[in-house]
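> Make the full structure from the sequences, and use the hints.
So the sequence shown is numbered by our numbering: it starts at 1 and just counts up by one.
Rather than coming from a laboratory, the hints here were simulated on the basis of the structure.
Quick caveat: nothing in here was measured; it's all calculated off a predicted structure.
Don't be surprised by glycine CBs; every beta carbon is placed ideally from N, CA and C.
Keep in mind that a hint or two might mislead.
[What the hints assert, rightly or not] Under the rule of at most 25 Å between Cα atoms (straight-line distance), these lysine to any residue pairs were calculated in the SDA-like manner:
1. Lys50 to Ala365
2. Lys50 to Asn277
3. Lys366 to Lys3
4. Lys276 to Ser204
5. Lys3 to Pro281
6. Lys366 to Val80
7. Lys276 to Thr311
8. Lys50 to Leu25
9. Lys50 to Leu360
10. Lys276 to His358
[As the list claims (entries may be wrong)] What follows is a list of derived Cβ distance ranges for each label pair:
11. Pro299 to Asp190: 30 to 38 Å
12. Glu226 to Pro281: 18 to 26 Å
13. Arg115 to Asp35: 37 to 45 Å
14. Val333 to Ala68: 55 to 63 Å
15. Glu253 to Asp59: 55 to 63 Å
16. Gly364 to Asp248: 43 to 51 Å
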Amino acid sequence: MTKLQRLYDEQGQSPWLDNLTRPYLRDGTLARLVDNGVRGVTANPTIFAKAIEGSNAYDEQLAALTAAGRSTPDAYWDLVLDDMAQALRVLRGTFDASGGTDGFVSIEVAPELARDTEATIAAARALHERIARPNLFVKIPATPEGVPAIQAMIGEGRSINITLIFSLARYDQVIEAYLSGLEMLARRGDDLGEVHSVASFFVSRVDTEVDRRLQSISADGARASEVLALRGRAAVAQAKLAYRLFRDRFAGERWERLAAHGAHVQRPLWASTSTKNPDLPDTLYIDSLIGPDTVNTLPEATITAFEDHGTLARTIDTDVDSAADVMSRLSAVGVDMDDVGRVLEDRGVAGFHESFGHVLNALGAKAVQLAGR
Numbered sequence: 001m002t003k004l005q006r007l008y009d010e011q012g013q014s015p016w017l018d019n020l021t022r023p024y025l026r027d028g029t030l031a032r033l034v035d036n037g038v039r040g041v042t043a044n045p046t047i048f049a050k051a052i053e054g055s056n057a058y059d060e061q062l063a064a065l066t067a068a069g070r071s072t073p074d075a076y077w078d079l080v081l082d083d084m085a086q087a088l089r090v091l092r093g094t095f096d097a098s099g100g101t102d103g104f105v106s107i108e109v110a111p112e113l114a115r116d117t118e119a120t121i122a123a124a125r126a127l128h129e130r131i132a133r134p135n136l137f138v139k140i141p142a143t144p145e146g147v148p149a150i151q152a153m154i155g156e157g158r159s160i161n162i163t164l165i166f167s168l169a170r171y172d173q174v175i176e177a178y179l180s181g182l183e184m185l186a187r188r189g190d191d192l193g194e195v196h197s198v199a200s201f202f203v204s205r206v207d208t209e210v211d212r213r214l215q216s217i218s219a220d221g222a223r224a225s226e227v228l229a230l231r232g233r234a235a236v237a238q239a240k241l242a243y244r245l246f247r248d249r250f251a252g253e254r255w256e257r258l259a260a261h262g263a264h265v266q267r268p269l270w271a272s273t274s275t276k277n278p279d280l281p282d283t284l285y286i287d288s289l290i291g292p293d294t295v296n297t298l299p300e301a302t303i304t305a306f307e308d309h310g311t312l313a314r315t316i317d318t319d320v321d322s323a324a325d326v327m328s329r330l331s332a333v334g335v336d337m338d339d340v341g342r343v344l345e346d347r348g349v350a351g352f353h354e355s356f357g358h359v360l361n362a363l364g365a366k367a368v369q370l371a372g373r
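What follows is the structure, given as structure tokens:
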């Protein structure tokens, strides 16, 4: 039994692959990963950009789409949706065997819609209707404009992966949107058991930004050792407090009423879990965040590291008081975690938008090249 399989069987955490490429679908790599314990797949505009630009596996279809008069943006979505359809088939067995808990594949609405509530609603609805598979997650970013779109989509009975969560304050809003959406659905008399959701809480980027600020603060010298001792601790501490918030919000009378109608909890999903700082352990964001009713999305290198030397133990709800102390100490030295969240949210939206624009330009250039052959 692999560690990924044990992660789910023994600890109740679902490992998902943070990658999707056509070669993986064609050569059976994704199917083998699923056999070894991967229980879902996530992708984003950056991942699709790398996949399409880094392989000639898309060339034949791109040439045919171009010859048929498809625009570059339309061709991009045709390529992506074909990959999605294949991946959804590979994961369908996991979805059925888990009773709809796992086996999901996620696709994100176009990044340029992140600041437009109504356009996000329309795009998410269109993706669900176009793909129409029960194990599809449409990803909506947790921007201020995205939060009401999340509620609206849940209220329509659509399964949603909320992405780009960087702060506890925003996470609380996301949970509220999910619960309110379920209540809308219940008032309509629809089946709450058909709706699933995960809340993607980004991890490593938090340490990167906080550590940058700590380095800057320490330059003043007065409390340098105290400040620098907090490096590499913010992300795990915040995630542990996020899990405590999850447990608190999915309990009590309000939740019990929804659960009685078949509602599922919205599981926290730990995203961006490859360490960016080489001084930190390469399995830090797996080993420290293991617990039931959670998901961890892992790139291949992190899966390999975890299988080799990762630690299997329930850790997500241990030392929570220490996590709260870390957050208090960060505030005391001048790190505003709400501002960290806002900065990372803006940066995440911009990064996905840049990747989307880049891949469209690359596809346009490749289409011209293929047409000239």
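> Are the hints correct? Go through all of them and say.
Against the structure, the hints:
Between Lys50 and Ala365, the direct Cα distance comes to roughly 15 Å. Compliance with the 25 Å bound is thereby established for this hinted pair. Our distance criterion of 25 Å between C-alpha atoms is met by Lys50 and Asn277, whose separation comes to about 22 Å. Distance check on the hinted pair: Lys366 and Lys3 sit about 41 Å apart at the alpha-carbon level, beyond 25 Å; violated. Of the pairs offered as hints, the one joining Lys276 and Ser204 holds, with about 7 Å between alpha carbons and a cut-off of 25 Å not exceeded.
At roughly 18 Å between alpha-carbon atoms, Lys3 and Pro281 fall within 25 Å of each other, so this suggested pair holds. Note on Lys366 and Val80: the hinted pairing holds, with a Cα-Cα distance of about 16 Å set against a maximum of 25 Å. The straight-line distance between the Cα atoms of Lys276 and Thr311 is roughly 19 Å, inside the 25 Å bound, and the hint therefore holds. Restraint check for Lys50 and Leu25: the C-alpha separation of about 15 Å stays at or below 25 Å, so the hint holds.
Only pairs whose Cα atoms come within 25 Å are accepted, and Lys50 paired with Leu360 is accepted, the gap being roughly 12 Å. Among the hinted pairs, Lys276 with His358 is consistent with the structure: their alpha-carbon atoms are about 23 Å apart, no more than 25 Å. Taking the beta carbon of each, Pro299 and Asp190 are about 36 Å apart, inside 30 to 38 Å as hinted. A C-beta distance of roughly 23 Å is found between Glu226 and Pro281, which places it inside the suggested range of 18 to 26 Å.
Taking the beta carbon of each, Arg115 and Asp35 are about 41 Å apart, inside 37 to 45 Å as hinted. Taken as a hint, the range 55 to 63 Å holds for the pair Val333 and Ala68, whose Cβ atoms sit roughly 59 Å apart. Glu253 and Asp59 have their C-beta atoms about 57 Å apart, which keeps the hinted 55 to 63 Å range intact. In this structure the hint that Gly364 and Asp248 lie 43 to 51 Å apart at CB holds, the actual value being about 49 Å.
The structure fails to meet hint 3 from the earlier list, while all remaining hints are met.
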